[in-house]
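Enquirer: The number in this note's numbering is simply the position in the sequence shown, starting from 1, with 9 added.
It should be emphasised that the hints constitute simulated quantities derived from the structure, not laboratory data. Positions of the beta carbon are idealized from the N, C-alpha and C atoms, including for glycine. Among the clues, some could well be false.
Restricting the straight-line Cα-Cα distance to at most 25 Å, the calculated cross-link-like pairs of lysine to any residue (SDA-like) are [said to hold, decoys possible]: (1) Lys102 / Arg113; (2) Lys148 / Gln180; (3) Lys102 / Phe233.
Per label pair, the in silico range of CB-to-CB distance [what the hints assert, rightly or not]: (4) Leu69 / Pro183: 35 to 45 Å; (5) Phe173 / Met76: 33 to 43 Å; (6) Trp61 / Gln152: 23 to 33 Å; (7) Leu231 / Lys148: 31 to 41 Å; (8) Arg74 / Asp131: 32 to 42 Å; (9) Pro183 / Ser72: 39 to 49 Å; (10) Arg75 / Ala130: 38 to 48 Å; (11) Ala176 / Ser112: 37 to 47 Å; (12) Thr174 / Arg113: 34 to 44 Å; (13) Arg74 / Arg243: 13 to 23 Å; (14) Ser72 / Ala130: 38 to 48 Å; (15) Arg75 / Gln105: 14 to 24 Å.
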Amino acid sequence: YEIGVRLVGSEMCIRDSGAPGRHHLLCVLHHGAAGVGALGCPQVTLIVAALWAESLPIGLALSERRMVGRRLVMGSVHGQEVALLRCGVGLAKAEQEGERILSRLPITRVISVGTCGSLRADLPVGEVITASSVHHSLKAHTQDAQPIPGVRAVPLVSVGDPVFTRARRRQLAPVAAACEMEAAALQHCAGDRAFSALKVVSDLAGAEEDAAFSPGDPAAFLRFQRRAAELVHRALLPPLLASLRPGRHP
Numbered sequence: 010y011e012i013g014v015r016l017v018g019s020e021m022c023i024r025d026s027g028a029p030g031r032h033h034l035l036c037v038l039h040h041g042a043a044g045v046g047a048l049g050c051p052q053v054t055l056i057v058a059a060l061w062a063e064s065l066p067i068g069l070a071l072s073e074r075r076m077v078g079r080r081l082v083m084g085s086v087h088g089q090e091v092a093l094l095r096c097g098v099g100l101a102k103a104e105q106e107g108e109r110i111l112s113r114l115p116i117t118r119v120i121s122v123g124t125c126g127s128l129r130a131d132l133p134v135g136e137v138i139t140a141s142s143v144h145h146s147l148k149a150h151t152q153d154a155q156p157i158p159g160v161r162a163v164p165l166v167s168v169g170d171p172v173f174t175r176a177r178r179r180q181l182a183p184v185a186a187a188c189e190m191e192a193a194a195l196q197h198c199a200g201d202r203a204f205s206a207l208k209v210v211s212d213l214a215g216a217e218e219d220a221a222f223s224p225g226d227p228a229a230f231l232r233f234q235r236r237a238a239e240l241v242h243r244a245l246l247p248p249l250l251a252s253l254r255p256g257r258h259p
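Please construct the entire structure, taking both the sequences and the accompanying hints into account.
Expert: Dropping the structure here:
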C-alpha cells in the first residue's frame, strides 16, 4: 500500500491507496497549539517496534488511534501526534519500512523500541535501557543516540542474526551492553532527526539455556512473544509514555 499526505487548511489528511483504483481517507491530524512545526504541519514522533507483541501494548496506550494499513497506527500521547510502526525483524526490514514512512509523514523524532538481549551480568531480564550510542555490527559503524531521560543509558549493538551462543555473546560484549536487530538501521533512516532507542531486556543472549530460544521447538517463538508483550507492557511502556510528555524531549 502507499501512504499519501495532503494539507487541507488546519488538517493533515493521510490516505492509503489500497487496491488499484481505490483511495481511502484513513485519518486526519488536527493542528493544535502543541506539536505543530514552523510550516504549520503537525510534528509526529515515529515509534518503531519489530514484533506485534512489542507494538500491541504501545498501540493500546494511544489515544484516538487509527489503523493506517497493516503495519502503521496513528494516535496521540499527551497531545503529541504519534505514528507506531511494526517494521518486522531485522536490519533490512527496519530500513525498508522506516524509509517508506519517513518519506511520507512529517516525522521529527524516531524512537526504536522493543526487546533486547543482555551482554552484561548487571543487566537482568526486565531492566529497561536506553541507547547512549548504537553500533551497526555489519557496517562496523557507531553513532551517538539521544538517551531517554530517567532511564539507564548504555551502548547498544544492532546485529544481523539473533545471539544464541556464548561465543557470539563474548564477541559482542566489548562493543556494547545489549544487542538487538533494528535500531542501527532506523537511526540511519532518521538522518538529522532526533533518534532514541528504548529497550527492555528479554533474555541473556546465549549466556544460559532459554526455553524461548529452542531451535526446532515450534512453541518457542510463542513463548517469546508472550514474554515480550508482558515486558513491554510492564517495564518499557511507562518510561516511553513519560518521554512523550511536552517538555521531556531535549
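Enquirer: Checking against the hints above, which ones are violated?
Expert: Nothing - there is no hint that the structure violates, so all of them hold.
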